[in-house]
Amino acid sequence: MTEETLKPQEKKALIELLYQLADDDFLLSFRGSEWLGLAPHIEEDVAFSSISQDMMGHANLYYNLLEDLGEGEADRIAHLRTPDQYRNAIILEEVNGPGTYLKEPDYDWAFTVVRNYFYAVHKHIRLDSLRHSAYGPLAEAARKIMTEQYYHLIHWEIWFKQLMTSTDEAIERMTAAIQKVWKDFGGVLTLGPYYEDIVKANFIDDENVMKKRWNNKIEAVLKEVGAHYPGEPRMERGNGRNGVHTDDLKQATSTLSEVYATNPATGW
0 MTEETLKPQE KKALIELLYQ LADDDFLLSF RGSEWLGLAP HIEEDVAFSS ISQDMMGHAN
60 LYYNLLEDLG EGEADRIAHL RTPDQYRNAI ILEEVNGPGT YLKEPDYDWA FTVVRNYFYA
120 VHKHIRLDSL RHSAYGPLAE AARKIMTEQY YHLIHWEIWF KQLMTSTDEA IERMTAAIQK
180 VWKDFGGVLT LGPYYEDIVK ANFIDDENVM KKRWNNKIEA VLKEVGAHYP GEPRMERGNG
240 RNGVHTDDLK QATSTLSEVY ATNPATGW
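So in numbering that gives the first Met the number 0, spot 43 of the sequence shown is number 42, and the numbers just go up one at a time.
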């Protein structure tokens, strides 16, 4: 399937899916970038910065596909939309912790590890499906991203397992972080209001199939580290796929768009 062969409803569903994919990576990569110079040690500082840069590149690939579909310039749709136009899951926009990068940052590393690990697991499952997408350019992009995502997943799984089998304090903090992330991670696992059209066009697997794969993987890992499986992930603050967001997104998009808004020639 190519852009020329897309039916109007298929194109609309594809655009919705691409915004979800792009915005998820865009917002989480931004939150990752805020750890620059603040990670637990210098090796992690370098590794996490590289992962965040990779994820920003993944978002760029998706935004460029949206540009090809007539949604406007990739830079503009990444930086100049209003918060209600973003389709990322709410848990991915959440701040890393109290304070800001420039003023008294008191970030939660346990929360960051849990959020990134859970997301990396789902992203890997999602990419595995997308590489067989009926839309050729999306399948090609997924195959490119998959080569980097493999290492991202390993990175966060190592952190997750080590902290969950470490000191009592580490386990306590990680357990609290799991409970916190679980309250809204259901938003990552959904395909939003165009779910049926997205699946019908074979752009990606059924969300229930991917959710089951994610649940099976996470349940097995939690069992391995001696942790309790909390049950079905929830969406307590709403569904970001429907444009429902928090003030954390406003803060993020304001920061992300600051340079581009003043000098559009800057670009990515």
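Note that these hints are calculated values from the structure, not bench results.
Treat the hints with care, since some could be wrong.
[Stated by the list, open to error] Listed next, with one range per pair, are the computed distances between beta-carbon atoms:
# : residue 1 : residue 2 : range
1 : Ala138    : Thr164    : 29 to 39 Å
2 : Thr174    : Lys6      : 30 to 40 Å
3 : Asn241    : Val45     : 33 to 43 Å
4 : Gly225    : Gln84     : 22 to 32 Å
5 : Glu147    : Gln84     : 21 to 31 Å
6 : Lys6      : Val45     : 40 to 50 Å
[Said to hold, decoys possible] DSBU-like mimics (lysine-lysine), calculated; alpha carbons at most 35 Å apart, straight line:
#  : residue 1 : residue 2
7  : Lys102    : Lys6
8  : Lys211    : Lys10
9  : Lys11     : Lys160
10 : Lys210    : Lys182
11 : Lys222    : Lys182
12 : Lys216    : Lys179
13 : Lys10     : Lys199
14 : Lys199    : Lys182
15 : Lys222    : Lys102
16 : Lys102    : Lys249
17 : Lys143    : Lys199
18 : Lys216    : Lys10
19 : Lys249    : Lys211
20 : Lys222    : Lys6
21 : Lys211    : Lys222
22 : Lys143    : Lys211
23 : Lys199    : Lys211
24 : Lys160    : Lys211
25 : Lys199    : Lys216
26 : Lys249    : Lys10
27 : Lys222    : Lys11
28 : Lys211    : Lys11
29 : Lys102    : Lys199
30 : Lys249    : Lys210
31 : Lys211    : Lys6
32 : Lys216    : Lys160
33 : Lys216    : Lys11
34 : Lys182    : Lys143
35 : Lys143    : Lys11
36 : Lys102    : Lys182
37 : Lys179    : Lys210
38 : Lys249    : Lys199
The C-beta atom is built at its ideal place from N, Cα and C for all residues, glycine as well.
Of all the hints numbered above, which does this structure not satisfy? Sort the numbers upward.
2, 4, 7, 9, 15, 20, 27, 29
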